[in-house]
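**Student:** Chain by chain, the residues:
Protein chains: 2
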Amino acid sequence: MIEGVHFRLDPGWATPAEVGHRALAGALSDLAAMGADAGEAYLLLGLPADFGEERALELVRGADELAAHLGAAIAGGDVVGAPVLMVSVTVLGWAERAEQLVGRDGAREGDLIGVTGRLGAAAAALAVLDGRAPRTPGSEAAIARARAPLPRLAEGRALAGAGAHAMIDLSDGLASDAAQIGRASGVELHIELAALPLDAGVDDVAAALEQPAWELAASGGEDYELCFCVPASGHAQEHVERALAALDLAPVTWVGEVRAGTPGVRLSDERGHAVRIEGYEHLR
Amino acid sequence: MIEGVHFRLDPGWATPAEVGHRALAGALSDLAAMGADAGEAYLLLGLPADFGEERALELVRGADELAAHLGAAIAGGDVVGAPVLMVSVTVLGWAERAEQLVGRDGAREGDLIGVTGRLGAAAAALAVLDGRAPRTPGSEAAIARARAPLPRLAEGRALAGAGAHAMIDLSDGLASDAAQIGRASGVELHIELAALPLDAGVDDVAAALEQPAWELAASGGEDYELCFCVPASGHAQEHVERALAALDLAPVTWVGEVRAGTPGVRLSDERGHAVRIEGYEHLR
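In order, the protein sequence lines correspond to chains A and B. In terms of the working numbering, the first sequence has 79 at position 79, counting the first letter as 1, and numbering is strictly consecutive. In terms of the working numbering, the second sequence has 1163 at position 163, counting the first letter as 1, and numbering is strictly consecutive.
Don't read these hints as lab results, they were simulated from the structure. Heads up, the beta-carbon is just placed ideally off N, CA and C, and yes, glycines get one too. Fair warning: there could be bad hints in the mix.
Unchecked claim - Sample of chain A residues with no beta-carbon within 12 angstroms of chain B, all distances over it, derived:
no. : residue
1   : G26
2   : R61
3   : A75
4   : S88
5   : R97
6   : L112
7   : R132
8   : R135
9   : A148
10  : E192
Unchecked claim - To be clear about the criterion: a stretch of chain A counts as covered by chain B if any three or more of its residues have a C-beta under 8 angstroms from a C-beta of chain B, and this derived list gives those stretches:
no. : region
11  : 4-11
12  : 39-51
13  : 80-86
All chains, please: the whole structure from these sequences, using the hints.
**Tutor:** Given below as structure tokens:
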């Protein structure tokens, strides 16, 4: 995560602790998407000359608290001088057997597509922090969630165990992340935008922006929910719902199905019309 | 390694392949200093918008060739946008037993201090590339070595096995790196500057700079040789020399001894006078 590219270091935008938290969250989210256990994390800080030791320690504490919360451990790292603040995190994940891990290339025609939790908070928060939408009680909830996202490690393991055979974390936005599963698997993921579960405050912000709420939900990066595919036959859908409910984890919403077609994603609005959504744009 | 801080990306200074090589070499050198085996490396690239895919692939090839040469493997990584080129490498090292690993805190009064290989090429190359010293056949040799340093992994393992009980790699320069052993061990490392083994071309460049060659050898970073301490009693000195010669590894030069005193390093010139040398300065 690089200042000016992935975040702005400004109390309204992100505190040093939140930068540490988010850098580690982004790395752990990739493990979640494979159904892996989180192991050791290694943290590299590039610090501008005027950054100061206190803020550097605050940043590390932000990462450390998230690691402790998720059963990961920061096992090493390094500090170098840098023109802008940058945080590079390497995490190792583990599985008892390699076959337990889920890739992006396992989606098959007929599969059902699910997502965990709720979407759009990150895009809504960005719009408010950018000054494109006003602060409201609803948008504050989205901002709070976006500032400290929680990678879905437990959900990823449960989904892998319950039969998900393709999975990705939503770091660039559902539209572009789901397309990665489609391309890797050689199938077309058909997603109904009206079915997307919206996070608190996303409706508010979308109204202020005069755009459909599903646009924020499908295009915003850094929600760190999981998108996955399960076979429609058998009882995978039921297994998934039961496994997540039994562990009191994030709920699942079924948002579409996998078909033959152009490898990638096909998004359709409430009237069934195809919609084109660009992937997540970083600050620049 | 960050452009403008640790290197300049300019054909005369460093090609993309050399940046990849050096970033991995610097990370592996830390493993060498512990006597560890090199395991998996994870490579993060921060690429400016105009960097281009071809140069990015060249950079990765530079790292990959070094990894193959040393029995390491690049097992993963990531690519992000960045304001300047940056390469962050995380390497994992392994040992059969934790007790085989050597730290910085094991130096004891009476120990002998050794260094592997020859010193000063990196500082000499920097002076030439900076335009402070002329290009000569000698300085070209120093530049060639500095552009593609080889971390001393085999030497580190052999030294650990032969009884070295404190070790560090010379990434910031002997003066400041040896001081780290001294501080960690609570002892004073007495080093005779006239005893330092000089790399080819260092004499030439030092003459042009009108400064003693040992100043380049003791202050220049990124030589990636090892500095280590062994007990003077027993036969550790002989074991070390024999172990490295048997494996046809870099020779060892004995450069001083460990005494009680102010924790850190004490450097003395050919007349026995104390000399103060500042640590390696990065480009800024």
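**Student:** Does each hint fit the structure? Answer for all of them.
**Tutor:** Consistency of the hints with the structure:
1. G26: violated, 10 angstroms
2. R61: holds, 21 angstroms
3. A75: violated, 10 angstroms
4. S88: violated, 4 angstroms
5. R97: holds, 18 angstroms
6. L112: The assertion about L112(A) holds, with a minimum of 30 angstroms to chain B.
7. R132: Holds: least Cβ distance 22 angstroms, greater than 12 angstroms.
8. R135: With a cut-off of 12 angstroms, R135(A) remains clear of chain B, as the shortest Cβ separation is near 29 angstroms.
9. A148: holds, 21 angstroms
10. E192: holds, 31 angstroms
11. 4-11: holds (count 3)
12. 39-51: holds (count 3)
13. 80-86: Coverage by chain B holds for the region 80-86 of chain A (6 residues, Cβ < 8 angstroms).
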